[in-house]
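*Asks:* Going line by line, the protein sequences match chains A and B.
Positions 1 to 109 (my numbering) are the ones given, in order, by the first sequence.
Positions 1 to 116 (my numbering) are the ones given, in order, by the second sequence.
Check the hints yourself; a few may be wrong.
[What the hints assert, rightly or not] Simulated pairs of lysine-lysine, BS3-like, Cα-Cα distance not exceeding 25 Å:
hint, chain 1, residue 1, chain 2, residue 2
1, B, Lys71, A, Lys3
2, A, Lys108, A, Lys3
3, A, Lys108, A, Lys52
4, A, Lys108, A, Lys69
5, A, Lys69, A, Lys52
6, B, Lys14, A, Lys96
7, A, Lys3, B, Lys57
8, B, Lys9, A, Lys108
9, B, Lys14, B, Lys71
10, B, Lys9, B, Lys57
11, A, Lys69, A, Lys3
12, A, Lys96, A, Lys69
[Unchecked claim] Some chain B residues near chain A, calculated using beta-carbon distances under 10 Å:
hint, residue
13, Gln37
14, Pro61
15, Tyr64
16, Gly108
17, Arg112
18, Ser114
19, Ile115
If you are wondering where the hints come from, they were derived from the structure by calculation, not from laboratory data.
We put the CB at the ideal spot given by N, CA and C, even for glycine.
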Amino acid sequence: DAKTTQPPSMDCAEGRAANLPCNHSTISGNEYVYWYRQIHSQGPQYIIHGLKNNETNEMASLIITEDRKSSTLILPHATLRDTAVYYCMGAKYGNKLVFGAGTILRVKS
Amino acid sequence: NAGVTQTPKFQVLKTGQSMTLQCAQDMNHNSMYWYRQDPGMGLRLIYYSASEGTTDKGEVPNGYNVSRLNKREFSLRLESAAPSQTSVYFCASTPLNRAVSNQPQHFGDGTRLSIL
């Protein structure tokens, strides 16, 4: 499984885009990049995943560099409810996820 | 839709007591997982079950046992609880259909366990 590196914390103004980076230089060719978040003490929540191409869903966009060594999760219009810990992981088929410390995103009004 | 249900939500034990944490999912998922989360840290995998009838160790299995009772249920047992096992325990499930890539894990709300 790929080792990932994320900044420990970030701040974002409410209504602005939040761009969360992740380095995964050891990711293998068949591992997907997954993003989850954990709000307060709840169970982690799936956000988005991708292999090579950029992906978008109702929650976020995922930009993966061409060499697949890094990615950026974009929350286009952050709200206070997006304050959470965001985890980036590499995994095959979504199983055996390895959670690091993640990035604490604080959305401020 | 209930998703992944964990019981109990809270529990306090004394050192040496035994305890079984229950987890059930109603999504017909093949794979189930047990994680623990300690303050300021991400989740660490304790055990997982890729399919009914199979279980495998994760990153931190010592002090725990698991049972995949049927496709729906995956329990975690502490035979002799220790203070170091004070943690929040999360159960998760995923389809794990290798023909499909979009298989996010669905998590329960956790069991908060304190061992005195």
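*Asks:* So, for every hint listed, does it hold in this structure?
*Replies:* How the hints compare with the structure:
1. Straight-line distance between C-alpha atoms of Lys71(B) and Lys3(A) comes to about 31 Å, which puts the hinted pair past the 25 Å bound.
2. At roughly 30 Å between alpha-carbon atoms, Lys108(A) and Lys3(A) are farther apart than 25 Å, so this suggested pair is violated.
3. Simply put, Lys108(A) and Lys52(A) have alpha-carbon atoms about 32 Å apart, too far for the 25 Å limit, and the pair is violated.
4. Pair hint Lys108(A) plus Lys69(A) does not hold up; C-alpha atoms about 30 Å apart against a cutoff of 25 Å.
5. A hinted pair counts as satisfied when its Cα atoms are at most 25 Å apart, and Lys69(A) with Lys52(A) qualifies at roughly 11 Å.
6. The suggested pairing of Lys14(B) with Lys96(A) is violated, with an alpha-carbon distance near 31 Å, which exceeds 25 Å.
7. A C-alpha spacing of about 20 Å is found between Lys3(A) and Lys57(B), which places the hinted pair at or below 25 Å, so the restraint holds.
8. Restraint check for Lys9(B) and Lys108(A): not satisfied, since their Cα atoms lie roughly 31 Å apart, outside the 25 Å limit.
9. Simply put, Lys14(B) and Lys71(B) have alpha-carbon atoms about 32 Å apart, too far for the 25 Å limit, and the pair is violated.
10. Restraint check: the Cα-Cα separation between Lys9(B) and Lys57(B) comes to about 24 Å, which is no more than 25 Å; the hinted pair holds.
11. For the given pair, Lys69(A) sits about 11 Å from Lys3(A) by alpha-carbon distance, which is consistent with the 25 Å threshold.
12. Distance restraint check for Lys96(A) and Lys69(A): the Cα-Cα separation of roughly 20 Å lies within the 25 Å cut-off, and the hinted pair is therefore satisfied.
13. Below 10 Å, beta-carbon pairs count as interface contacts, and Gln37(B) has one with chain A at about 8 Å; its hint therefore holds.
14. The interface hint given for Pro61(B) is broken, as the beta carbon of that residue sits about 13 Å from the closest beta carbon of chain A, more than 10 Å.
15. Interface hint status for Tyr64(B): violated, as the beta-carbon distance to the closest one in chain A is roughly 17 Å, over 10 Å.
16. Because the closest C-beta pair between Gly108(B) and chain A is about 5 Å apart, less than 10 Å, the hint holds.
17. Interface restraint check for Arg112(B): the shortest CB-CB distance to chain A comes to about 8 Å, inside 10 Å, so the restraint holds.
18. Checking Ser114(B) against chain A: minimum C-beta separation of about 14 Å lies over 10 Å; hint violated.
19. Given hint, Ile115(B) at the interface with chain A, is violated; its Cβ is 18 Å from that chain's nearest Cβ, farther than 10 Å.
Hints 1, 2, 3, 4, 6, 8, 9, 14, 15, 18, 19 from the earlier list are contradicted by this structure; the remaining hints agree with it.
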